[in-house]
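Construct the entire structure; sequences and hints are all you get.
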Amino acid sequence: DIVPIPGTKRITYLEENAAAADIHLDADQLAGLEAAMPPGAAAGPRYPEAFMDRVNN
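According to this note's numbering, the sequence shown holds residues 1 to 57 in order.
Keep in mind that the hints were calculated from the coordinates and are not lab data. Just to be clear, a hint being listed does not mean it is correct.
Stated by the list, open to error - Restricting the straight-line Cα-Cα distance to at most 20 Å, the calculated cross-link-like pairs of lysine to any residue (SDA-like) are: (1) K9 x H24; (2) K9 x G40; (3) K9 x A19; (4) K9 x P39.
To be verified - Each pair of labels, with its calculated beta carbon distance range: (5) D28 x A50: 39 to 45 Å; (6) E49 x N17: 25 to 31 Å; (7) I5 x A31: 20 to 26 Å.
Virtual Cβ for every residue (Gly too), placed ideally from N, Cα, C.
See the structure below:
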């Protein structure tokens, strides 16, 4: 299951993120997503090193 974790200051975007929980994918769609981005394929830092001093400041 995928559950959106909103990080937003606008109610419109919060509602949009919450609505994503109502999306249902069939087996072919899920297989296509897993083929495009297999579990564990994402690696590396979220932000480039040059921008880390701007995070949470």
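Taking the hints in turn, this is what the structure says about them:
1. For a cut-off of 20 Å, the pair hint linking K9 to H24 is broken: about 26 Å separates their Cα positions.
2. At roughly 30 Å between alpha-carbon atoms, K9 and G40 are farther apart than 20 Å, so this suggested pair is violated.
3. Between K9 and A19 the alpha-carbon distance is near 16 Å, which keeps this suggested pair within the 20 Å criterion.
4. The suggested pairing of K9 with P39 is violated, with an alpha-carbon distance near 30 Å, which exceeds 20 Å.
5. Taken as a hint, the range 39 to 45 Å holds for the pair D28 and A50, whose Cβ atoms sit roughly 40 Å apart.
6. A hinted range of 25 to 31 Å holds for the C-beta pair E49 and N17, which are about 29 Å apart.
7. With their beta carbons about 24 Å apart, I5 and A31 fall inside the hinted range of 20 to 26 Å.
Consistency with the previously given hints fails for numbers 1, 2, 4, ordered from lowest to highest.
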